[in-house]
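Go ahead and model the full structure; you've got the sequences and the hints to work with.
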Amino acid sequence: MKRILVIEDEASLREDIVDILRLADFEVLDAENGLVGAAQAKEHKPDLILCDIMMPERSGDWVLLEVRSDPGTAHIPFIFLTARTSRSDMRYGMELGADDYITKPFTPDELLSAVNARITKQAHLEIAQTERLRDLHQSIARALPHELRTPLTGILGYARIMMEDAEELDTSQMRQMAQGIQRASRRLRRLVENYLLFAQLEMLSNQMVQAQVLLQETCTAPQEILQTVVEQQATEAKRPPEDLEVHCEAVSIRIDETSFAKIAEELLDNALKFSQPGTRVQIHGIRAGERFHLVVRDQGRGMNSEQIQRIDAYMQFDRRLYEHAGLGFGLAIVRHLATLYQGSFQVSSVPGQFTEVRVQLPLAT
1 MKRILVIEDE ASLREDIVDI LRLADFEVLD AENGLVGAAQ AKEHKPDLIL CDIMMPERSG
61 DWVLLEVRSD PGTAHIPFIF LTARTSRSDM RYGMELGADD YITKPFTPDE LLSAVNARIT
121 KQAHLEIAQT ERLRDLHQSI ARALPHELRT PLTGILGYAR IMMEDAEELD TSQMRQMAQG
181 IQRASRRLRR LVENYLLFAQ LEMLSNQMVQ AQVLLQETCT APQEILQTVV EQQATEAKRP
241 PEDLEVHCEA VSIRIDETSF AKIAEELLDN ALKFSQPGTR VQIHGIRAGE RFHLVVRDQG
301 RGMNSEQIQR IDAYMQFDRR LYEHAGLGFG LAIVRHLATL YQGSFQVSSV PGQFTEVRVQ
361 LPLAT
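Heads up: the sequence shown at position 276 corresponds to 276 in the numbering used here, and the numbers run straight through without jumps.
It is worth saying that the hints were derived from the structure and are not from the lab. Since the structure is predicted, the reported quantities are computational estimates derived from the model, not experimental observations. A virtual CB, placed ideally from N, CA and C, is assigned to each residue, including glycine. No false leads were mixed into what you were given.
Heads up, simulated DSS-like pairs for lysine-lysine below, C-alpha to C-alpha not over 30 Å straight-line: (1) Lys121 to Lys104; (2) Lys104 to Lys2; (3) Lys121 to Lys42; (4) Lys104 to Lys42; (5) Lys2 to Lys45.
Distance windows between CB atoms, simulated: (6) Glu249 to Leu13: 55 to 61 Å; (7) Arg280 to Ser113: 52 to 58 Å; (8) Ser305 to Gln129: 16 to 22 Å; (9) Pro351 to Ile161: 41 to 47 Å; (10) Ala159 to Gln309: 42 to 48 Å; (11) Gln282 to Val192: 28 to 34 Å; (12) Ser12 to Ser305: 47 to 53 Å; (13) Thr365 to Arg149: 44 to 50 Å; (14) Ser69 to Leu13: 25 to 31 Å; (15) Leu196 to Thr171: 34 to 40 Å; (16) Leu65 to Ser113: 23 to 29 Å.
Written out as structure tokens, the structure reads:
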């Protein structure tokens, strides 16, 4: 039985709503003002909240912000009960995080229709989330052991040979093994750094004060950073200079230089990783209006629309068919950084033809 919390200061209306919902086989809790309602939401974790806007003690807006700020209640569907009918009022509520509006006065059928629609949608979202978690667990189970063991095996193997056969190895052999240890160590270090960065970005997305501080940062020379990243990534991927086409306008962007370099690094790493030597990779930084567009396009394997929708950490597609280093953190980190700096992240692709990733960031004023 689904549990619904009704927050309404008008006693007669609140009683009517409670009766309608109970006759429809819902478990119902009720509260006479926003302060009591928010406390009940946190204590009882209802499946849906119906809340008036204009109330004593605390308004419905305050209740919504309180509910959304608590991880234990942030996911609960929230419907406003309101006599306000202007488009600006409704837009404001939606921007705060409301899921729907029911305008007073309403009929029992209108109330139940809105409630059932929202509960059904939430059930579908939970099913989709369950399936996503299952896919995530399978992806981690396949990828994580390999990504940790492969570089460690190289490091330990080279170290063992250098220890046991030190007297028989010449300088060139020692240098070759040291280079192998260095490559494996860099791979392992990048895995750890990306994991820590992804976790930090996940936390920052829920810490608005710290996020606002980051928005004061400025990158004044993106073209220089981009050129450095391109040279480093091309060398590591062993791709010839003619494979890369680079162009970046001289602008100032509202993002710190380290984050911009990370975005460029991950986008270019993906483009080089999933395309073949001899094919063109284009990296363009372009000003368009008040936004800076960083566009990276390759002629590689490509993704279908379902794969684009499922881009996230630990997600690598067709891993059983194609072997590539990494845990899928790259594009997930780029998306987080773009969102954090009030930008956007878009992927377009045609399997077997191309993939284009576009990150838009605000220009510094």
